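J.: Sequence:
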Amino acid sequence: MHVLLLEEPDDELLDAWAVDMLPTWLRFAHGGPLDDEADLIVSRLQGASPAGEAVVLDGPWRLVHRRTGALPKHVVDDEFGPQA
61 MHVLLLEEPD
71 DELLDAWAVD
81 MLPTWLRFAH
91 GGPLDDEADL
101 IVSRLQGASP
111 AGEAVVLDGP
121 WRLVHRRTGA
131 LPKHVVDDEF
141 GPQA
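Residue numbers (this note's numbering): 61 to 144.
One or more hints might be untrue.
[What the hints assert, rightly or not] Derived CB-CB ranges, DEER-like: (1) A114 - P83: 18 to 24 Å; (2) P69 - A89: 16 to 22 Å; (3) A111 - P83: 29 to 35 Å; (4) A111 - V135: 30 to 36 Å.
Source of the hints: derived by calculation from the structure; they are not laboratory data.
Computed from a predicted model, the values in this text were never measured in an experiment.
Backbone N, C-alpha and C define an ideal beta-carbon position, used for all residues, glycine too.
When you get a sec, could you build the whole thing from the sequences and use the hints?
T.: Following this line, the structure appears as structure tokens:
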């Protein structure tokens, strides 16, 4: 599992990912759409690791889970961590 932080994303990215509130937590799985329903599919994920290193992950990547708003750390871990 990879964690990417997007610091100050531009409006184009926020619109493409349908983010209208920060913070927004997104979980992507590697691969394309599972059926004819075209969920959010991106060809590349680009950001920074928790340590601040630049990370680029070639895709495709499919959005599988979304939460909006501030969340306690244990909720983030439960919903977006390695065991989720």
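J.: So, for every hint listed, does it hold in this structure?
T.: Here's how the hints hold up against the structure:
1. A C-beta distance of roughly 21 Å is found between A114 and P83, which places it inside the suggested range of 18 to 24 Å.
2. The hinted window of 16 to 22 Å between P69 and A89 holds, with their beta carbons roughly 20 Å apart.
3. Judged by the Cβ atoms, the range 29 to 35 Å given for A111 and P83 is violated: they are separated by roughly 19 Å.
4. In this structure the hint that A111 and V135 lie 30 to 36 Å apart at CB is violated, the actual value being about 23 Å.
Of the numbered hints stated above, those contradicted by the structure are hints 3 and 4, listed in ascending order.
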